[in-house]
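Order-wise, the sequence lines are chains A and B.
In the numbering used here, each residue carries its 1-based index in the first sequence increased by 535.
In the numbering used here, each residue carries its 1-based index in the second sequence increased by 5.
These aren't lab readings, by the way, just hints derived from the structure by calculation.
Don't take every hint at face value.
Unchecked claim - Lysine to any residue pairs mimicking SDA-like chemistry, simulated, CA-CA at most 25 Å apart:
id	chain 1	residue 1	chain 2	residue 2
1	A	Lys-604	B	Gly-172
2	A	Lys-547	B	Phe-97
3	B	Lys-208	B	Gly-172
4	A	Lys-604	B	Pro-24
5	B	Lys-31	A	Ala-609
6	A	Lys-608	B	His-114
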Amino acid sequence: MSNLTHEESIKKVWRVCGILAFVTIFEIAAALFHFYSIPESPRWWLNLLFIILSAAKAYYIMSEFMHLKYELKAMTLTVMTPFLFLIWGIIAFLWEGGYWLSLREFWQ
Amino acid sequence: MEATVQSNARELWSGGDSPFKVSYGKIMMWYFLISDTFSFAGLLISYGAIRLSQPAHDEANPLSWPDPNHVFNAVPFLHGHYPLVFVTFMTFTLIFSSVTMVRAVQEGHAMNRKGVLFWLGLTIIGGLIFVGSQAFEWSHLIHEGMTQKSNPFGASAFGGLFFLITGFHGFHVSVGVMLNSWAFLMTFFGAFHRRGHYEMIEKLGLYWHFVDLVWVFVFLAFYLL
Numbered sequence: 536m537s538n539l540t541h542e543e544s545i546k547k548v549w550r551v552c553g554i555l556a557f558v559t560i561f562e563i564a565a566a567l568f569h570f571y572s573i574p575e576s577p578r579w580w581l582n583l584l585f586i587i588l589s590a591a592k593a594y595y596i597m598s599e600f601m602h603l604k605y606e607l608k609a610m611t612l613t614v615m616t617p618f619l620f621l622i623w624g625i626i627a628f629l630w631e632g633g634y635w636l637s638l639r640e641f642w643q
Numbered sequence: 006m007e008a009t010v011q012s013n014a015r016e017l018w019s020g021g022d023s024p025f026k027v028s029y030g031k032i033m034m035w036y037f038l039i040s041d042t043f044s045f046a047g048l049l050i051s052y053g054a055i056r057l058s059q060p061a062h063d064e065a066n067p068l069s070w071p072d073p074n075h076v077f078n079a080v081p082f083l084h085g086h087y088p089l090v091f092v093t094f095m096t097f098t099l100i101f102s103s104v105t106m107v108r109a110v111q112e113g114h115a116m117n118r119k120g121v122l123f124w125l126g127l128t129i130i131g132g133l134i135f136v137g138s139q140a141f142e143w144s145h146l147i148h149e150g151m152t153q154k155s156n157p158f159g160a161s162a163f164g165g166l167f168f169l170i171t172g173f174h175g176f177h178v179s180v181g182v183m184l185n186s187w188a189f190l191m192t193f194f195g196a197f198h199r200r201g202h203y204e205m206i207e208k209l210g211l212y213w214h215f216v217d218l219v220w221v222f223v224f225l226a227f228y229l230l
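If we strip away everything but chain A, and leave its shape as in the complex, we get (with noise of 0.2 Å):
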């Protein structure tokens, strides 16, 4: 448990909230901007902002409002390390996703 009174923590929720909400004004207002001002220009800096972004808000909504960053290590090591798999799996099948593509590409 986390050794923040009970003021402290309600403090800390609705700056986390801010954080979020922040967040995601952020994100919508990038893709706007890029929707409306500069729509020619490449999409690939924006997508890794939006994922990097998209991580951060996991991260929180994890550690603050699922309370994992107040855990036992061995508890928070219990829920994460499954989760590595995803790395694979995520590489493993966008490689194939583009692959498959190719192979549209080539028969066509």
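We have chain A already, so just place chain B on it with the hints.
Just chain B now, with coordinates in the frame of chain A:
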């Protein structure tokens, strides 16, 4: 020194105690959420693989992957196109209901029954608004001609994946609303108070935050990327 550490470790794992200092119910909720993460990850990774197997967005090619700014631009009661405005509202509803859920858990720690009722009630309302918004979005897109097999905005696979993944997420939200409503009634009749702790609210809180967490990635995959 080493010997004592070892014997302590053995005692810790020999039963009768919680090595993680987490109750049985909460740890089982965590294990369920880990397995559920893999269900959602499987769906979202297949979305990524199928998306990359289709031609990238291209105005000239009607079979290319659609641009979310063109697909998601309707707002209820308003005419005209407002890209991503409505989904921003939905995202905020979910974030806010997650915060009210944390507040309910905190009031539960303080054994404040009225506080739990107030914040849990707000959480339920937030969940209902989210599911209602999703119903609007679905019916709008179905009217536009998007189904599981067809998609007027581009690659037909987009339609099927959209309804499958947002539907699976919406199903989770609906289950969460039902469980929270049950907990609301239990709190109202004082069942948790008599039990001496509000741990059930914490367990439901974990589930509810997980639903919010999944939405971060559904939002990323369908609306941002």
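Are the Cα positions of Lys-31 (chain B) and Ala-609 (chain A) separated by 25 Å at most? Roughly 15 Å separates the two Cα atoms, so the pair holds.
Given hint Phe-97 (chain B) paired with Lys-547 (chain A) - CA-CA distance at most 25 Å: At roughly 18 Å apart (the allowed maximum being 25 Å), Phe-97 (chain B) and Lys-547 (chain A) satisfy the hint.
Taken at face value, is the distance from the CA of His-114 (chain B) to the CA of Lys-608 (chain A) at most 25 Å? 22 Å, holds
Would the pair Lys-604 (chain A) and Gly-172 (chain B) pass a check requiring their Cα atoms to be no farther apart than 25 Å? Between Lys-604 (chain A) and Gly-172 (chain B) the Cα gap is close to 31 Å, so the pair fails against 25 Å, i.e. violated.
Are Lys-208 (chain B) and Gly-172 (chain B) close enough, with their CA atoms no more than 25 Å apart? Given pair Lys-208 (chain B), Gly-172 (chain B) holds - Cα atoms ~23 Å apart, limit 25 Å.
Keeping to a limit of 25 Å between CA atoms, is the pair of Lys-604 (chain A) and Pro-24 (chain B) held or broken? Measuring from Cα to Cα gives roughly 17 Å; hence the hint holds.
The structure does not agree with numbered hint 1 stated previously, though it agrees with all others.
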